[in-house]
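J.: Please model the complete structure; the sequences and the hints are all you need to start from.
Residue numbers (my numbering), protein chains in the order written: chain Z, 1 to 126; chain G, 1 to 126; chain R, 1 to 126; chain E, 1 to 126; chain F, 1 to 126; chain L, 1 to 126.
In short, the hints are calculated from the structure, not lab data.
These numbers were taken from a predicted model, which means no experiment stands behind them.
Watch out, some of these pointers could steer you wrong.
Treat identical chains as interchangeable: a pair holds within one or across any two.
Claimed, not checked - Keeping only pairs whose Cα atoms sit at most 25 Å apart, straight-line, the calculated SDA-like set for lysine to any residue is: (1) Lys119 / Asp58; (2) Lys88 / Glu10; (3) Lys88 / Asp58; (4) Lys88 / Val14; (5) Lys119 / Pro54; (6) Lys119 / Glu46; (7) Lys119 / Gly55; (8) Lys88 / Ser8; (9) Lys119 / Val21; (10) Lys88 / Gly55; (11) Lys49 / Val14; (12) Lys49 / Glu10.
Number of protein chains: 6
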Amino acid sequence: MVEYADASPEVRAVFDDIMAVRGTDWINNFWKALAHDPVTLRRTWESIKQIMAPGALDPMTKELLYVAVSTTNQCPYCIASHTAAARKAGMTDAMFGELMAVVGMANETNRLASGYQVKIDPQFGG
Amino acid sequence: MVEYADASPEVRAVFDDIMAVRGTDWINNFWKALAHDPVTLRRTWESIKQIMAPGALDPMTKELLYVAVSTTNQCPYCIASHTAAARKAGMTDAMFGELMAVVGMANETNRLASGYQVKIDPQFGG
Amino acid sequence: MVEYADASPEVRAVFDDIMAVRGTDWINNFWKALAHDPVTLRRTWESIKQIMAPGALDPMTKELLYVAVSTTNQCPYCIASHTAAARKAGMTDAMFGELMAVVGMANETNRLASGYQVKIDPQFGG
Amino acid sequence: MVEYADASPEVRAVFDDIMAVRGTDWINNFWKALAHDPVTLRRTWESIKQIMAPGALDPMTKELLYVAVSTTNQCPYCIASHTAAARKAGMTDAMFGELMAVVGMANETNRLASGYQVKIDPQFGG
Amino acid sequence: MVEYADASPEVRAVFDDIMAVRGTDWINNFWKALAHDPVTLRRTWESIKQIMAPGALDPMTKELLYVAVSTTNQCPYCIASHTAAARKAGMTDAMFGELMAVVGMANETNRLASGYQVKIDPQFGG
Amino acid sequence: MVEYADASPEVRAVFDDIMAVRGTDWINNFWKALAHDPVTLRRTWESIKQIMAPGALDPMTKELLYVAVSTTNQCPYCIASHTAAARKAGMTDAMFGELMAVVGMANETNRLASGYQVKIDPQFGG
Numbered sequence: 001m002v003e004y005a006d007a008s009p010e011v012r013a014v015f016d017d018i019m020a021v022r023g024t025d026w027i028n029n030f031w032k033a034l035a036h037d038p039v040t041l042r043r044t045w046e047s048i049k050q051i052m053a054p055g056a057l058d059p060m061t062k063e064l065l066y067v068a069v070s071t072t073n074q075c076p077y078c079i080a081s082h083t084a085a086a087r088k089a090g091m092t093d094a095m096f097g098e099l100m101a102v103v104g105m106a107n108e109t110n111r112l113a114s115g116y117q118v119k120i121d122p123q124f125g126g
Numbered sequence: 001m002v003e004y005a006d007a008s009p010e011v012r013a014v015f016d017d018i019m020a021v022r023g024t025d026w027i028n029n030f031w032k033a034l035a036h037d038p039v040t041l042r043r044t045w046e047s048i049k050q051i052m053a054p055g056a057l058d059p060m061t062k063e064l065l066y067v068a069v070s071t072t073n074q075c076p077y078c079i080a081s082h083t084a085a086a087r088k089a090g091m092t093d094a095m096f097g098e099l100m101a102v103v104g105m106a107n108e109t110n111r112l113a114s115g116y117q118v119k120i121d122p123q124f125g126g
Numbered sequence: 001m002v003e004y005a006d007a008s009p010e011v012r013a014v015f016d017d018i019m020a021v022r023g024t025d026w027i028n029n030f031w032k033a034l035a036h037d038p039v040t041l042r043r044t045w046e047s048i049k050q051i052m053a054p055g056a057l058d059p060m061t062k063e064l065l066y067v068a069v070s071t072t073n074q075c076p077y078c079i080a081s082h083t084a085a086a087r088k089a090g091m092t093d094a095m096f097g098e099l100m101a102v103v104g105m106a107n108e109t110n111r112l113a114s115g116y117q118v119k120i121d122p123q124f125g126g
Numbered sequence: 001m002v003e004y005a006d007a008s009p010e011v012r013a014v015f016d017d018i019m020a021v022r023g024t025d026w027i028n029n030f031w032k033a034l035a036h037d038p039v040t041l042r043r044t045w046e047s048i049k050q051i052m053a054p055g056a057l058d059p060m061t062k063e064l065l066y067v068a069v070s071t072t073n074q075c076p077y078c079i080a081s082h083t084a085a086a087r088k089a090g091m092t093d094a095m096f097g098e099l100m101a102v103v104g105m106a107n108e109t110n111r112l113a114s115g116y117q118v119k120i121d122p123q124f125g126g
Numbered sequence: 001m002v003e004y005a006d007a008s009p010e011v012r013a014v015f016d017d018i019m020a021v022r023g024t025d026w027i028n029n030f031w032k033a034l035a036h037d038p039v040t041l042r043r044t045w046e047s048i049k050q051i052m053a054p055g056a057l058d059p060m061t062k063e064l065l066y067v068a069v070s071t072t073n074q075c076p077y078c079i080a081s082h083t084a085a086a087r088k089a090g091m092t093d094a095m096f097g098e099l100m101a102v103v104g105m106a107n108e109t110n111r112l113a114s115g116y117q118v119k120i121d122p123q124f125g126g
Numbered sequence: 001m002v003e004y005a006d007a008s009p010e011v012r013a014v015f016d017d018i019m020a021v022r023g024t025d026w027i028n029n030f031w032k033a034l035a036h037d038p039v040t041l042r043r044t045w046e047s048i049k050q051i052m053a054p055g056a057l058d059p060m061t062k063e064l065l066y067v068a069v070s071t072t073n074q075c076p077y078c079i080a081s082h083t084a085a086a087r088k089a090g091m092t093d094a095m096f097g098e099l100m101a102v103v104g105m106a107n108e109t110n111r112l113a114s115g116y117q118v119k120i121d122p123q124f125g126g
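T.: Structure below.
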């Protein structure tokens, strides 16, 4: 991992922007690892900054979606970091419980739909 | 698929409840397929009815989460049906665009995190 | 796809063995597609023939497992072909219903376990 | 995690039923984690109790299917806990070896089928 | 889908750049669909243009990797479009056969490694 | 795990061949775990030896593909072992950075394609 003290100016510029946008004074390991490839570091950060900004969906909803995807993909790092981010953005215990329930159920019915070979209804565009 | 006209009383009871809760007058293919196994039909419907009801998270947010999982899993039926449900629950074009952007990005960074073998930060419980 | 009439002798030899082992007089599309690469065709068939043969697990159980994996992976071809194979091997409607129920539930609890970041119990080797 | 000693009466009732049905005197971490959301705890347990009970498929076969799904999804907790459950239900070393062989092969041919863009045969409903 | 004739100037600018970079005179459906969200359209195209350009890895190798991921994820659109792109970039029939063989094998051994709960060797950083 | 000193002659024969082909003097944990099932051990090794040998694709490209699949599937053991194998086969830091960028991007656009329900273009066989 690339620590701030050892980072090149271009990497430090991204690290500084991450801390400024997030209002934190530390960089999590994901970015320190990506810093080995400054081009990917910058592109990924610029994309995330754009995508996760408030828009038609609020930041907490976007973090809930991030947790839903990360949980479905079984990515331990992403589950840990985005669950923390969701809580910071306002997710309560009750919201987390419902999030997990929906994610679990969706993963179940996704397989029931495929296993039963269900055809898409005309009403849904099938 | 089991059509309403051919359904047993126990299947009809579930079909009736689905239409009543959703305020619709038709049953989509997913439930007609599950109706071959009335026990699974009832359990799945009772679970979904409980999970998708308004709670700490509103119904539209729950449908967004359902689309996020279904898209990650590449389930065509589930994507089509829950995108329709999300729109019915209030998802606008702008929301859909942001939903897709978050889902795409999360799937990307999930792999960057695993491929770079990033360790969970102590701040995230690692 | 490579049809029997157009196949090389080495491909025909594999096709003949498939039909002999399965007691059928036709070749399904999977093998006709693989026949473009006779090395992969032979290796895949020899592996499947060895793995799916009766052993400590009976052939029907092995086909149920194949459907479980294929459903989890959302592979339409594999779901269709191995569901047919499972029925041919003795899977009843009731068994299929229970198979789907287990596969759906496992996919649900897999995500509950990861999303809740559950640590492996010492009793399970954790 | 919610330990038995700290659990509410409604959570204890579920814990008691889990131990009674399974004939054990301890609760594994999965349930202790779910206990943060008593509604999900109860619904998940009631569903699993119904689904994993002896039926058209015997309990060991159901545990084999659970391991097959969990292995495909790369869920470490689920692999550890359901492999233990399968052994308790009668899975021998030879059965485990064949289970792994089928799961591995199915994951391989699932990708050969999709990568070669194989069309479903009319005989399989295509 | 947004056709060129109906596209806004900002969408047309991206479409023009896609055709210029690729040396083609048509736009495939993926971009026409993304055009509903011009922000995602531009960001996705700029990212792909940067990532898929010749670098330490040549363009054909990058397309092979794209097919490997798409096949693993069972994404029919992505398999079809990137297999075509790989062939355009120089992939021969023999290369495609070996690509499929590696992808299939990797998906198999990924599950053998997880199912057998293999610990990472110290030599690999474990 | 089965150590060399404790291995049966048939397992030792496979271990010896692995070390000979790879030019190493140790066996990694994957093979020691598979050694519990000598039939699977031999079949898996013979398949990998055949598939990963130089052919239309060079060994380093094959290892890059293996990492791409393993990263997509979130298999920690496979990521660690095949990243090491790719480096041994010649993968530079710059190549690894581009590999990760392609894998991440492909996982993103796979979901954009499915979530937007993009139809396959006639030019791609749709």
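J.: Okay, which hints does this one fail, numbers in order?
T.: Going through the list in order, the structure violates hints 1, 2, 5, 7, 8 and respects the others.
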